[in-house]
Structure formats: C-alpha cells, structure tokens
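Given the structure of chain A, go ahead and fit chains B and C onto it with the hints provided.
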Amino acid sequence: MNGAGPVLSTLAGIVYALILAPIVVVVALAFSADNFILFPPSGYSLRWFQQLAGNTPLLNAVVLSAQIACLVTALSLLLGVPAALALDKGRFRGQEALKNFFLAPLLLPTLIVGLALLLFFTPLRLTATLPGLVLGHMTVTLPFVIRMMTTAFSTLPDDIEAAASTLGAKPWRVIWRVTLPLATPGLIACGALSFLLSFDETVISLFLSGPRASTLPVEMVRYVEGRTDPLVAALSVILIVATLIIVVLVERLVGVARAVGQ
Amino acid sequence: MSYLELAGLQKRYRDSVAVDDVALSVEKGEAVALLGPSGCGKTTTLRMLAGLIDPDAGSIRLDGAEITRQPAHKRNMGYVFQSYALFPHLSVARNVGFGLEERRVPRPETARRVEEALGMVRLSGLEGRRPRELSGGQQQRVALARALVIRPSVLLLDESLSNLDAKLRDAMRHEIRDIQRSLGITTLFVTHDQVEALTMCDRIAVMKRGRIEQIGTPEDIYERPATRFVADFVGRANVLPAMRNGAGAISVWGVTLPATAPADGEVDVFVRPQRIRLAASGEPSGEGMVQLTGRVLRSVFVGDHVEVIVEGAGGQLSVEMQSGTKPPAAGTEVAVLWQAGDTLLFPREAT
Amino acid sequence: MTAGSRLPWLVVPAALLLLAVYVWPTLGLFRTAFNEVGPTGAMIEAWSLKTTGEVLADSFTIELTLNSLWLSLSATLIALCMAYPVSLFLFRTQSRFRGLLAVIAIMPMLVSGVVRVFGWLAILGDRGLVNSLAQWLGLISTPMRLVFNWTGVTIGLAESIMPYMILALLAGFGRLDRTLEEAARSLGCTPLRTFLRVTLPLSLPALALAAGLGFVLSMSAYITPKLLGGGRVFVLATEIFEQATTNTNWPVAAVLAIYTLVLLLALLMFSNVAARRLQR
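Protein chains in written order, with my numbering: chain A, 3 to 264; chain B, 71 to 421; chain C, 757 to 1036.
This is chain A alone, in the form it adopts within the complex (with noise of 0.2 Å):
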C-alpha cells in the first residue's frame, strides 16, 4: 500500500479540475474576440490586450498597486523581522502574550479591519491616499511577516548559533554573519507572499479607496459590477503570469505549502 491509490487519485483529479476551471477559463477568455462574456469565444483576437494598454483608470490602478505593495512589504520586512527575531531568541517577560498579540489580526476578518480602519481614517482624512493604504495593508503583512520569521528563525539548527558565539561572535555578529544568512530563503519568500497578499488584497481597500487613489482589485471589481467584457479576463492573464512566476520562484526556495501554512 503505497502512495494514494487509484480511486482517491480520480477523486483528487475531478477536484484539482474545478479548483483550476476558474483560471483556464479566464485565460481562454482574454483571447476572445466577442465583445461580451461568451464561452467557448466564437473567435480568438488580442484586442482586449489592446484595448487595456488604452484603459488609464486600470493602469493607474496597476502602478499605484505595485506602488503600494513595494511599500508594504518593505515596511513589513523592516519592522516584522526584528520583531521575529526579538520573538524568537529574546528571552523575556511576557514573550508568549506578545506573540499571541502579533498572531491575532490574522484571526480578524479583514471586513471587520477594513470597517474599524474607514472608521479610524476618516477624520485623519487617511482615508484614499498612499499613507492609508499602506497602514491598512500593514495589518494583514506585518502580522503574516512576524508568524512567518518567527517561524523560520526557530527552525535554524540551535547549534550553529551557539558555535558562532564560542568562535568569539557578539551577539549582534552572530545576528548578522549566521542568523540572518541562513534565513535569507525564509526571507525572500515571505517578502514575495506579502508582496502577493497586498497586491491582491480587495477588502480593506474597497473600504479604504476612492476616487483620489484606488487599488488594482478595487478598480477590477468596480468594472465587474458595472460591464461584463473580456477585458477583466485579460488583465487577469497578466496578473496569473505575475503570480505564478513569484510562487515558483518561492516553492524553489521553500515550499510554499509551508510558507503560508502553520
């Protein structure tokens, strides 16, 4: 009785169908040539390639999205891995509450964060502009960041550290030449997923958006609601392309299964 057997693996095969219908739907329909949703296309054509490179709104959108994202995740990376770190090697009091205070916004659903932050941002006027956005992002990566770090810190050999500091390393130089060096694919990854999670993150922004500055999903979810063309589709080809080259290149460094889970 090895590996999965043939029933579960035609179950698992019917499954891994409907969970990527969706996106090869989405890539056929970029290509369509009709002027609405129609599938099968009754005919193929880049015209809605064409016509996004002519759409202002989405393409201000893309920018300041990547904008945001870059942003996001550098602040998140800045402020997350020290605290990881301190997490992980400090020995203080109350290390455990603190850690549980840095995990619970991933419990909060991002609709309640995204109300209490429109109610907060409001009278600051934060409310659709950069600043904003990238506080409002910061919820959802800087805790992501902190679990991941914490994470991949505390699965570094105890001993190497130990070594480096009998070879005569300060504390901060074992840090510096042995900690950080060996969580550099831990590093990577988690900066590509928070890249990811902010790019891709609709909720808090549909709160927080307007006319001033709106995100890439906010402005695709906007168009959904209002006209139904294949223009979405191909946008959403791009945005496929992009993620998936980022996913590969993390589940080459560690896995992304483990990344993003427990």
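For the record, the hints were derived by calculation from the structure and aren't laboratory data. Everything hinted at is true.
One-sided excerpt, in silico: chain B residues whose CB lies under 10 Å from chain A: (1) Arg117; (2) Pro141; (3) His143; (4) Arg145; (5) Met147; (6) Tyr149; (7) Tyr154; (8) His159; (9) Leu226.
These figures come from a predicted structure and were not determined experimentally. Yeah, the Cβ is synthetic: ideal placement off N, Cα and C, and Gly gets one too.
For chains B and C alone, coordinates are given in the frame of chain A:
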C-alpha cells in the same frame, strides 16, 4: 589552584535539577572526560563552561579569573558540537577562519593559520568546499580545526564522535588524542561511551543524575570504582547477591569470602567477567583466590572473546575466555576462580 | 545567552504600529457601536444601546443572519467534500510532483479573488461554459440561471475557501499513520471498510477544524457574495459594507460587525470543542 576550577555548579530546569553541586579541577594540558548516561547533566556542564547556559549557582574559574557570568563570545573556549554545527553557507576555509575574523586577525595571518589547522586535521585541499559536500568524518575534522584555530584556553568536545561509524570513531579517537597531546591543550570530553573516556583521557569524572560520582584516572575508575553505579556503568560486571553470615563475614553461592562487609544492610558482590578463570572442578584453590563451583550453561562466541555462562547455587555469572581457547562443553562441572582482590562490594540498591 | 539584553526592544516598532492601526481602530469600532444615528442620518456621539437594540430588533437582521448561516453551511459542506480527497491525496502521494500539486491545490488562495469570480462568471453565466455545453447536448433549450443568485455564490464561495481547508486538513493529518491502515488491511478489511473504520474516524478532528475555518471564512466573505450575487444576495458581510460606505451609517455598521464577530467566535469555539471531543 588548578588551571580550570568548577565549584558548586548548579543548574535547575523548573522542578528538575540538571546539574547539582559539581566541583572539578583540571590542570593545564590535562584531558578530562565527563562520562555518564544520557540525561546525567554532562552536556549541561559543558555548555555552562562554554557560556551557552547560565548556571544558577556556583563558579567557574579559568587561570585564576572568575568567568562564571562571562558571555560565550568572550570566553575563548573551543567547542566541538555533537552536530558539528558547521555554517552551511560558508566554505570550509571560512568556517575555520570564522573565529579569527571575529577577532580581527589580519587576513594573511588568518589564511596561514587556517591552512595550518586544516593541515593538522589532514583536510588540506578542501578549503573551497561547502560543509554539505563533506563526509561525516570530514565535517567532524572541520569542526575540530575551527575550534583549535582560535587557540582556545580549553577545548570542549560534546559527544563529538557519536555520529561516526565504528571504524572511523577508532581512528578519530587516536587522532584527537595525538593532537591534544602535541598541542598540550586542556580538554574536556563529554561522552557516554566508556571506551572513549578510558582511551582518550588522563582523568574521568563519572556523572549520575547531575552529580559527580567519582573522579579518577581510567585505572582508578575501572579497578577501584567508588560506587556501585560506577562499577556498573564502566565495564561489565557480574552482580552476585551476598549473604551475611554473622560476624561481618559474607558468602556467595554458599562460599565464604575473604572479605568483610563494610556496613549494615544487604550487599552485592561485583566481579568483572575478564577477571574470572574457569578450572576443572575439584582443583585446589590457590592462595588468596575465591572459588565457586557451578555448571556450564552455554558458551557464546563473541569474536574477540568467548562468553561462558555458568550456573551455580545462587544464580548465573558470565566469564570471558580468550578467543581461540576451547570453552568447556555445556553441562560440565567447573570451578570458578578469581583473585580475592578483584572482589568489589557494594550495598544493594532498592530498585 | 546568544543574544544581548537589548534584543527585546526590537519588537517595539512593530508593536507600536499594530497598536496604532489595529488595536486602537478596533476599540474605536466598539466605541462607534454605542453611538446613535440622528434623524438626518448624522452620527451622534453617545453611550447608549439604542442602535444595538434597533439592529437586533430588525427582522432584516434575522433574515441576513439566516442567509449568512445557510450560505456558509452549504459552501463549507461542498468545500469539505472536495478538500478532503485532495488533502488525503496530497498526504499520501509519493509523486515527485507533490510540491507542484500542493501549489496548484492552494492556487486559488494566491490568485486575486476578483479574477476567480470573473472565471465563474464565464463558466456559470447565461452564455458560459455550462450553459453552452448543456444546450449543445440538447439538455436544455433556455439558459439556466446559475449566477447572480444563491447557486453562483455558493459555488464561488466553496471554491474560494477550499485551499484554506486543504491546508487545515493537511496540518491535521499528523495522526494518520499509514501502518494503521495496513494493519486493518492485514486483518481482512476491504479498502472501503478500512477507510470507514480507520481513516475517516482518525481524520474527524481535522475535518472539524477545517469545517470551522471554512465556516468562519464564508461568514466574513464579501467579494464573492457581492459580485456573484449580482445585488440579489444579501448576507451580513454585504450589509456591513453597504451601511459603512453607501449609507455611511457607521453605528449600524459597527453593531452589525460586532454581532458578526460574536457569531464567529461562538462558531469557532464550537468547532474547537468538537475537534477536541473527536480527538479522544
């Protein structure tokens, strides 16, 4: 005062005591083994010496200076970890040079000393390799070179040979002992392997449940174990329950021994299987010999010796005969003989 | 130890940021729930339970709650039936593509929700894949309504929560020991009996946890009900968003949000207790 002095060293974990009142003096250039079963506190003691664990009580003095609270990176102790703990992201040369770089030793000197250290452990030519490209034995040599190159005040080895196969372990044992002797470096070994302790060290400290049971030369430990635990843990021993018969005299298998029981309570007799000789039944015993009689139950060929199990009036005992001699057939009546001086007496332990 | 005593200070920046943009706003949300709504629709600062009372007494709230619960229950059950075989497959397979297969299984998690919703529109729409196929086969003459109603939302939601449930199941399969199944087979069980008597009972705690997770995610999902519901599907999540943005009725939005949170908390506790019971 000795070069390295441990006094009253103690470490507790919640409700258990890992190391309890350990005192040990090590002379400069001496090699001392901490020997004991797993969980006896030997590794904890070593880590406290290296500054990797803070002791709860007691003191560590090195060359007259108190270092108990000094952080690990200021102690200059060469530590060879059981897992080797090589830096996977650095080459062999950078691994070995790590400690010198941290000490800001000039680059040419670092290069020279790394080369010298790698030559000493016979790894010249592998400078550019990564640790994962090395065999277990080579990794262990790199770990040793890395610890030696900083010219440590004390070399600490934590079960350093336990991950090697038996052949390699024998070779490394001699190699490490030679390097240790030629450099005259003060060394502490932690091991659960008595052969390692007996062959590599000037003195052995046997530990049990966080305490040192006995400190002595390998001969002391083997020939004159101070406690029942030491006799049992180091080397093999036949344990024969003894009977008291009146005025301090004791007997085994109905034979009175030329020895007196030290204290009250039940007593067991310990005899090493190698010290026992078999003779034809009825042969007169020599002066100062203990003689029991029994019947051969079976004999087992173990390679370098033959083990003969003899059953007598009070139970069984095993005798090691030289390989190549023909053991008596099963069922033969035999006399079991040993020198009275080889008899060890210990109070019986409640189990 | 290996690190200095100054190390703990490194948590301070992250902690301060989360205090400012997470803890404080959440407290603000609770505070807002005590405010009142004036006759003009403007918010009046107050410390009263008037808004709470009004929301809880509203029959629409009850309808929304039942809608949310029913939708979440059906989506969770569908997703569980699909996630279980996939997880079991991933847990067992010795294929060298296991890593890749795991990535594909959680792919929906990594692709934007809007993209997937768009895909479902193309599959389930009036001129989508399913209707085209059914018409071509001559099964139906007029298109079935599969989107912009509860059917579409349930399907889309089930798909969007599935990857999370697969991960939860995989994490919970730790106790599933292959040798136990082999033991059952050696004792004469057929594969089906082995599954029913050994595999399934041992994976019940994982199933309970995964179901709890799926339920919570469904209850708080907004994008799928909004877009696949086409304005005809009303659940707690859509109502919270409407009240907060279109109506700018913050006290009501806050009360509904807290009400939803309490429901979620109760559900989570229930599924945790169930999982612990099943563990024995």
